[in-house]
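Number of protein chains: 2
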Amino acid sequence: MDFLRVAGAQLNLVVGDIDGNTERIIDAMLWAEECQADVVLFPELAITGYPPEDLVLRSAFIRDNISALHRLAARSGETAAVVGFVDRGVGHRDDAGPARVHNAAALVAGGGLRGVYHKGLLPNYGVFDEDRYFAVGENPGSLWEINGVAVGVSVCEDIWVPDGPPADQVAAGAEILLNINGSPYHRGRGSERQQMLSERARSAGVPLVYLNLVGGQDELVFDGQSMVFDASGDLLYRAAQFEEELFWVDVPLPESGGDVPTALRVSDGDLLDGNPEPPLATHDPFEETEEIYQALCLGLGDYVRKNGFGGVVIGLSGGIDSALTATIAADALGADAVRGVTMPSRYSSTGSVEDSRALAANLGIAFDEIPVEPPFTGFLEALGGAFELTEVDVAEQNLQARSRGAILMALSNKFGGIVVATGNKSEMSVGYATLYGDMVGGYAVLKDVSKMLVYELARWRNRNGEVIPQRTIDKPPSAELKPDQKDTDSLPPYDLLDPILERYVEDDASVDEIVKEGFDESTVRRIAQMVDRNEYKRRQAAPGVRITTKSLGRDRRLPITNGYGD
Amino acid sequence: MDFLRVAGAQLNLVVGDIDGNTERIIDAMLWAEECQADVVLFPELAITGYPPEDLVLRSAFIRDNISALHRLAARSGETAAVVGFVDRGVGHRDDAGPARVHNAAALVAGGGLRGVYHKGLLPNYGVFDEDRYFAVGENPGSLWEINGVAVGVSVCEDIWVPDGPPADQVAAGAEILLNINGSPYHRGRGSERQQMLSERARSAGVPLVYLNLVGGQDELVFDGQSMVFDASGDLLYRAAQFEEELFWVDVPLPESGGDVPTALRVSDGDLLDGNPEPPLATHDPFEETEEIYQALCLGLGDYVRKNGFGGVVIGLSGGIDSALTATIAADALGADAVRGVTMPSRYSSTGSVEDSRALAANLGIAFDEIPVEPPFTGFLEALGGAFELTEVDVAEQNLQARSRGAILMALSNKFGGIVVATGNKSEMSVGYATLYGDMVGGYAVLKDVSKMLVYELARWRNRNGEVIPQRTIDKPPSAELKPDQKDTDSLPPYDLLDPILERYVEDDASVDEIVKEGFDESTVRRIAQMVDRNEYKRRQAAPGVRITTKSLGRDRRLPITNGYGD
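Taken in sequence, the protein lines are chains D and X.
Quick note: the first sequence uses our numbering, first residue 1, plus one each step.
Quick note: the second sequence uses our numbering, first residue 1, plus one each step.
Treat the hints as calculated values from the structure; they're not laboratory data.
Be a bit skeptical, because a hint or two may be false.
Identical copies look the same in the list; a pair holds intra-copy or inter-copy alike.
Capping the alpha-carbon separation at 25 Å, the derived lysine-lysine pairs in DSS-like fashion look like this [as the list claims (entries may be wrong)]: (1) Lys482 / Lys414; (2) Lys550 / Lys414; (3) Lys414 / Lys516; (4) Lys475 / Lys550; (5) Lys516 / Lys550; (6) Lys486 / Lys550; (7) Lys475 / Lys486; (8) Lys486 / Lys414; (9) Lys414 / Lys475; (10) Lys516 / Lys486.
Predicted model, so just to flag it, every value in this text is computed and none were measured.
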C-alpha cells in the first residue's frame, strides 16, 4: 500500500520574531529530513507568528518575512515543507480597503520555493480580523505533486466550510489534504474540530492532516492538538495539547483510480517502500476542567516568558480568585517565579492573612505582608478637607483597593516581575472591581473564567495535590473593603449570576429572552445594566486568557457610549 | 429650471439610543415637510447611531431598530426621507462569517416604507470593521423616483470609489446622487472629502448631496460639514462643522435628455414651481488649528454628556498638557463643570501650584489643592521593609503619580464627575507615562495630539483670550517626580521626537526608512523600541479623541507580545 510520510511541526512560535521563528522552522525541517518524511507541515503564518495584527501593515515587516522564506527555502532538501507566511500579491477586494497581501502557504523543497497557496476564506468575526489584512486567495482546485502524490494544501478557515477550497482540490484529484492552522482554543473547541475534520476526510474520501500552532499570544491560546485522519475519517493520530511536538505519520493513500491530475511539481523523489509504520499512541484530549486549567497555564506562562519577565507578583486576599491565580502561576512558571503579597487593612478578616500565608507555604512561593494602612491613612488625611462633611462610601473603599494596586506595582517596578490581576469574568462583566485597584496588572489570568468555574478549577487542582486552603474555598466571597462586606450585598449569588451572564454576554441574548427562560426580570435587567455601564472599566483592563467563545477582549467590541437598554 | 429641494438633517445622534434617535428623526421629518422639501436625508445608521459595533450582533437590537423604522415610516408625509438603519437580509459573503444584516438606507414617504438600499462597499480598515457586521449589498444601478426625479441613493464608502454604486446609478439614469454618511473626522479630512465629492459630481454630470453625521462617539468625532454640489462639481452649500444643522437647498437638475429610467417610485408629488431659491451663505471650514480644537471640544463634550456625567475632574500640574486639557474642558462643558486639582509633592516646583491656580482663575473653574505627601509617605512607610537596601528609582516616582491618580479617582467617586487624563500622543507613544498614575481617567482628550501640536493649540487658544499662563507655555516640560527632572532627561526634544513618531506610528515607516530621511539611527531605534515595548500601557489607556489618520486606539492594533524589531 502506498503511503505518504507526513511530518508535523506543532511549534510554539513568537509573533514578530521572524528570525527566531525561521531558525525553529529550519531545525524542524532538518529533523523531518532525518525522519525521511515526504512532507513536513508548519503552522499558519509560521514565519511571522499568528496573529501578527497590524505588523502586517508595515511594508518592512512583509519584506523581512519574505527574506526569511527565501532563507529557509534555500535550506530545504528532499522533504517538502509547507510553511505559512505573508505573501505580497495584487489584492482584489470588493471594497476600498488597503489589503494587498495574502495569508499564504509556501511549498519549498530541494533548495527552492516551488509554489505558493493563498488562503481563500478569511475569518472576520470573533477574534479574527483577516479582512483587515488579507486579500482573498483564488486558487480553485490547485494541486501540488509531492513525490508523485497529488496534494491539496489549504489554510485554516478554508477547511471549515464544506464547499471550501479543499473540496475543489478533491474534485481536481487531490489524494490527500494538508491543512495548516493558527486555530485558537476555547472550551469544547477540540471536539468540534475533530468532528468537522473527520467529516471532511470522510466525505472527500481522502486522508487529511490538520496541523495547528501551539502557545499563548496575548489573549489567545493555541492548543496544538494536530490531527491526522484516514480516508474514512477515522483518527489516526492526535498530537499533544498545549505542548510543542514534532511527529510523523505514515498516511495510507487511497487506491489511485483514473487519471493523474494536473499538479505543480514540488518534489520528485520516491515514496518509501514497504508497509506504513503504525502511528504512535495518540494523545487523548484532556478532560474539560483540566483542559481549561492547562490553557490558563500556557496562556499566562507564554505571556510572561515571551514578554521577558522573570516572574510574577500577585496580591493574595485570602479569597479563591487570588489563590487560584497564584496556583496557576506556580504551576505555569515554577514556585520560584511567584511572589505573593498580602496587604491587610482594618477591614481584613484574620483569615485573609493566615489563609494567604498557608497558600504561599503550600505552593512554596515567596510571601510578603505589607500593610495597606499607612497609604490608606495618608489618603484620608490628604483628602480630609475635601471630604469634610461627606459620608464614607465607595470612594474610601476604592482607596484601599488602589493602595493595594499601587503597592503591587511598586514591587514590580522595584524588583521586576509582572503584576497578575486576579479578577474573574463574573466580576469583570458586572464591573464589581476597582479600576486601578484590584484590576491592576499586566495580565489577568481568570478574566474569562466565571466565578463558578473558578471553584470548579480550584477543586480540580486540589484533587491533584491540595494547595488551596479549604477555608479559602468555603468562605463566602468578599472584597473586604468595609465591615462584614459580602459580594452578595451587591450581586446575586454566583450560581444565579453566572448563568445570566453567560446568556447575556456570551450568547448576546436580550433581557426579554433571558426572562422567558425563567429568571427574575428585575434581576436580569439590573445585571444587564451593570454589564453595559461598566464597559469603560473593561476597556482599561489587562488582557487575559480566552477560554470561551466570547471573552471580554477583542471578540466583544461594544461601544462605551451606549444608549441601548437604558 | 427644474430643481429638487433637498433637506439635510445633520444630527448628533446617540449610539444605541434607538428611541431617542427616532424621535429626533421624526422631528426633523416634520420640519422638512414644513419646508416643502422633496426629500430629507439623515445620516448613515441614523436609527442605531454610528458605529453600533457589536450591538449589531444582538438580534433584539436589530428587531428594535426595524420597529423604529416602521414607526417613523408611518409618520412620513409628502417629503420623502432617506434614513440609515440596519436591515435584515440574506447575507452573501465569501467566507464563513456570521454577517446576515446590511448597512442600509430606507426610503420612506406617504406613511410607508417605499424601498431599501443596501450599502455595497464596506470599509474594513483603520477604525472600520464593517465586514464584521454587514453583508455586501447588491443593488446595481437601482434608482428611486422622487416626485418624478430619478434619484441614486448610496451610503458613505459607496461614493469613495470612482466605479462604486453611484457610478452604476448614473449609468442607469440617475439625475441626482444622494449619499448618507457616518464619516469620522481627522485632520485634513474635510478638504479630501470635498475634492473627491466634487470630482464625483463633475464626472457624473449630476448634482450630489453628501449628508454627514455630527457628534462624538467614544474615540470618533463626526464633523458634519455636509455638502451639496451642482452637476459641474461646484460647491453650492456646506453645512456647519461640529454642530447640528437642519438645512435645505434647491438643487438645480440638469436637462433631462433621453429616456425616463426605470425607477421604483418613492413619492409622486410635483416639484416646486418657479426658480430655485439661492442657498444660504455657505459655512467656511475652520482653519486647521481651530478645527482640531473644535474636534477636541466636541469629542470630550459628547463623551461626558452622552455618558451622563455632570462634570470633569482634572489634575493640574502647572504644565501645558493639563492646562490645555482644562481649557478644552471649560470651553466644551462650561467652567462650572470643571474641577482642577493641584497635588504638589516634595519635588514640585513652586510654579506648579501657582501656575495651576492662575489657570483655574483665568478659566473660572473650581480649584483644589490636595498634597500628595501623606499617601506618598504612607507608601514609603508600608514598603520600608521590602525596599530596604534598595536605591530610590522609578518605583518611588510612580508611587507619586499613582497617589495623584488615586486622589483624582477618589474625588470622582465622592462627588461625581469623570476624571480626564492629560497625557499627549507623544508621551503615550513612547510610554512616558505612569499606568494607573497620570494615565488615570475615563477619557484622554489629548491622546491623539502630539506635544508640538499641544503647544500650537495652546498658543492658538491664547490668541482668542489669554487663559494659559505664559510661564506654563515657556517652561521646559517636566514630570516633576524627582529633583530637577526634565522630559529631555529621558526623551529627545519634542521637535525631534514628534516627526520620528509621526513616521513610525502614523505612517508605519521602518527604522531604516526613517534613518534614510536624515534622522540619527540610534535615536530612531531607541524611540521605535520604546513605542513597541509600551504597547501594554496603551492597551490599558483611556479612550481619547481621534484627530489623525492613526490614533492610538482601534485604528492601531498591534500585538503586545511582539518580537519584531528586538
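A quick look at each hint next to the structure:
1. Lys482 / Lys414: Only across copies: Lys482 and Lys414 sit 16 Å apart there, 30 Å inside one copy, limit 25 Å.
2. Lys550 / Lys414: neither (36 Å within a copy, 34 Å between copies)
3. Lys414 / Lys516: neither (53 Å within a copy, 38 Å between copies)
4. Lys475 / Lys550: neither (29 Å within a copy, 49 Å between copies)
5. Lys516 / Lys550: within (22 Å within a copy, 45 Å between copies)
6. Lys486 / Lys550: Result: close neither inside a copy nor across copies, 28 Å intra and 45 Å inter.
7. Lys475 / Lys486: Answer is within: at 10 Å inside a copy they meet the 25 Å cutoff, but 50 Å across does not.
8. Lys486 / Lys414: Result: close only across copies, 22 Å inter versus 34 Å intra.
9. Lys414 / Lys475: neither (34 Å within a copy, 31 Å between copies)
10. Lys516 / Lys486: neither (29 Å within a copy, 62 Å between copies)
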